[in-house]
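Asker: As you go down the protein sequences, you meet chains A and B in turn. Our numbering puts the last residue of the first sequence at 385; the count rises by one with no breaks. Our numbering puts the last residue of the second sequence at 597; the count rises by one with no breaks.
Don't take every hint at face value.
Taking lysine-lysine pairs in the DSSO-like style, the calculated list, with each CA pair at most 30 Å apart, reads [claimed, not checked]:
1. A/42 with A/327
2. A/241 with B/456
3. B/463 with A/322
4. A/322 with A/39
5. A/183 with B/463
6. A/190 with A/241
Cβ-Cβ distance ranges computed for the label pairs, FRET-style [unchecked claim]:
7. B/569 with A/72: 36 to 44 Å
8. A/284 with B/468: 52 to 60 Å
9. B/436 with A/148: 55 to 63 Å
10. A/219 with B/566: 38 to 46 Å
11. A/39 with B/592: 31 to 39 Å
12. B/571 with A/139: 40 to 48 Å
13. B/509 with A/39: 29 to 37 Å
Facing chain A, according to a computed beta carbon distance under 8 Å, are these residues of chain B, among others [claimed, not checked]:
14. 404
15. 416
16. 441
17. 444
18. 449
19. 450
20. 485
21. 489
22. 535
23. 537
24. 582
25. 583
26. 593
27. 595
Hint data in this document are derived by calculation from the structure and do not stem from the laboratory. All figures in this text were calculated on a predicted structure; none of them were measured in a lab. The beta-carbon is built from N, C-alpha and C at its ideal position, and this holds for glycine as well.
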Amino acid sequence: MEQLTPRKRVELTIHHQEPDRVPISLGGSANHLTENLYKLLKDHFGFKETDRRTLVGFYSTPDYNPLLDYLGTDMRFLHLRPVDSFIMNEIGPSFQPFIDEWGLKHELLSGYYNLGGEPLAHLERQSDIEKYPWPDPYKAERITGLREEAEQLYNFTEYSLVGHRPVYGNAWEMSRFLLGMEKTLLMTVKEKILFEAFFDKMSNVLDGFYDVFLNEVGPFIQIIEMAEDLGTNNGPMFNPKFYKEVMWRYHRRTIEKIKKKAPHVKIMLHCDGAIRRFIPDLIDAGFDILNPVESDLIGMDPAELKRDFGKDLVFMGGVDVKKILTKGNRRDIQREIRRRVREMGQGGGYILAPSHNFGNDVPLENLLAFFEEGKRLGIYPIDQE
Amino acid sequence: MANSQELIYNAILDGEEEVVTEHVNLAIQQGIPAILLLNETLIPAMTEVGSLFERGEYFVPEMLIAARAMKAGLVILKPLLVEAKADSLGKVAIGTVKGDLHDIGKNLVAIMLEGAGFEVLDLGIDVPAEKFIQVVQEDHVDIIAMSALLTTTMANIEITLRMMREQGVRDRVKIMVGGAPLTREYAESIGADGFATDASQAAKEAVALMSR
């Protein structure tokens with residue numbers, strides 16, 4: 001096949017058809033770089049960093065677009081803007097702690113960006129849920145220059161455009177931030193009714209962020225992101241039955257609202273951990289793309305996931321970071337990419353990406369090798385060996 | 386009509402804290418010895434909770450409420466056990482390392498260890514190496530259990546071990562480690578004696594360490 005534009009390549013992929021080669025991506029809710037790795041890459045390629053920082057979840061990174069041009073990845077991301085009170089901190093000595101519009105505390109702990117404060121840790125009554133000073137998604141500053149940026153990228157480039165999740169995380173994530181991890185987990189077994197009322201409200205508030213975001217970027221994007229961490233390294237964080245009985249319908253409601261507003265857009269879910277047991281219900285909720293596919297965890301073998309769910313899901317990720325990208329050499333990386341492409345690339349429906357975020361212990365040459373080899377080794381048709 | 390011990394056992398499995406409290410008190414009043422309740426009811430209940438977790442039928446929330454329920458029973462039994470001079474399996478000091486605030490897993494391990502029959506000294510979170518060393522020197526512990534949930538704080542496990550060696554106290558205790566970014570290979574490479582992937586495994590590992 002002749003070389004396709006990134007947009008066409010991703011279009012075919014997300015519709016379960018084989019393009020010219022497997023798309024490859026850096027950025028978005030799928031993965032990002034540490035400040036350190038970004039600087040190493042910037043120095044390597046020799047481009048000038050803009051002052052611009054983008055909101056990614058609950059923190060910020062430098063604008064990746066110049067870097068992505070050098071790496072040759074297929075997707076470019078559109079980001080909702082922060083509100084004026086949000087400090088776009090760099091992770092480093094200049095970090096300024098602050099409390100945000102949700103009542104959450106942003107601080108640096110051992111070099112790790114921590115979101116704390118648990119402002120709703122003492123929630124006891126449903127009536128308290130409505131009383132909480134929820135942020136207003138429709139604040140005008142969230143969309144400054146957003147439509148222009150989307151139009152510019154859409155009309156003057158051929159990249160696949162992706163809406164970065166316009167929220168810190170979706171309703172499960174936000175519940176954990178606001179209520180605290182332990183309380184949230186306990187509520188799933190001891191206070192199910194209160195949990196559901198909270199999750200319902202949380203989803204509705206977050207839906208406003210998607211609404212305002214899609215108003216500006218909807219016509220231009222192919223994919224929009226959601227993020228919920230449902231798994232630990234060993235298995236589901238809570239009983240998958242609970243997801244099915246309670247949480248599922250609110251995810252579905254969110255997705256239905258998104259698809260009503262932008263019917264062409266595919267929904268990507270970033271969900272860490274050994275989450276296989278949730279997958280049938282995630283498909284029922286309407287998720288189209290699953291990331292990051294932590295291939296070394298139980299139940300997350302890419303070949304099995306493709307076999308069992310490849311009809312319904314596009315997979316994004318799977319290239320092992322912990323061992324191969326951190327400790328391997330170029331040959332190991334080639335082998336790993338070939339393997340994942342073979343396991344998940346048949347019939348389209350696969351996007352090359354790492355199984356986790358790149359950590360500071362990933363050597364620069366391995367990072368570069370991933371993107372170089374990824375473009376080289378994903379060409380269709382795929383060797384079955 | 387189910388006897389007290391059955392009711393306590395099931396209430397632990399179901400995470401019914403108040404039922405546990407009620408029936409442990411009742412059982413004591415009925416003259417059932419505390420050591421019996423510990424060994425025949427509480428410990429088997431937590432062992433079953435651990436099995437259910439390993440089998441993928443219980444998850445972190447179920448373990449949390451079961452552990453709390455068991456702890457409610459233990460709180461009543463402890464003074465009676467001390468009175469009866471019941472032997473513990475050993476003493477474990479547990480903590481999350483310096484710079485790390487994660488504690489749900491560590492708390493679960495602490496309760497599972499108590500449930501297994503250990504005396505547990507919970508040092509909390511953000512525990513510097515110096516504190517672990519002080520505990521070795523002053524508190525007659527058999528095992529030090531360290532937890533780290535971040536790749537950045539994992540290094541503090543290694544640092545603590547190194548300082549223990551430098552200060553000549555390493556050989557006085559067994560060291561076990563755990564936490565999401567850790568692997569058995571890592572634990573072995575830094576010279577830890579034991580490693581576990583979850584609270585249920587941790588209790589088993591601690592028991593195994595005592596017999597080495």
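Asker: All the hints need checking, so say for each whether the structure fits it.
Answerer: Evaluation of the provided hints:
| no. | hint | in the structure |
| --- | --- | --- |
| 1 | A/42 with A/327 | 22 Å, holds |
| 2 | A/241 with B/456 | 27 Å, holds |
| 3 | B/463 with A/322 | 44 Å, violated |
| 4 | A/322 with A/39 | 21 Å, holds |
| 5 | A/183 with B/463 | 27 Å, holds |
| 6 | A/190 with A/241 | 15 Å, holds |
| 7 | B/569 with A/72: 36 to 44 Å | 38 Å, holds |
| 8 | A/284 with B/468: 52 to 60 Å | 57 Å, holds |
| 9 | B/436 with A/148: 55 to 63 Å | 59 Å, holds |
| 10 | A/219 with B/566: 38 to 46 Å | 42 Å, holds |
| 11 | A/39 with B/592: 31 to 39 Å | 48 Å, violated |
| 12 | B/571 with A/139: 40 to 48 Å | 46 Å, holds |
| 13 | B/509 with A/39: 29 to 37 Å | 36 Å, holds |
| 14 | 404 | 13 Å, violated |
| 15 | 416 | 33 Å, violated |
| 16 | 441 | 6 Å, holds |
| 17 | 444 | 5 Å, holds |
| 18 | 449 | 6 Å, holds |
| 19 | 450 | 6 Å, holds |
| 20 | 485 | 7 Å, holds |
| 21 | 489 | 6 Å, holds |
| 22 | 535 | 6 Å, holds |
| 23 | 537 | 5 Å, holds |
| 24 | 582 | 6 Å, holds |
| 25 | 583 | 6 Å, holds |
| 26 | 593 | 20 Å, violated |
| 27 | 595 | 25 Å, violated |
When each numbered hint is compared with the structure, violations occur for hints 3, 11, 14, 15, 26 and 27.
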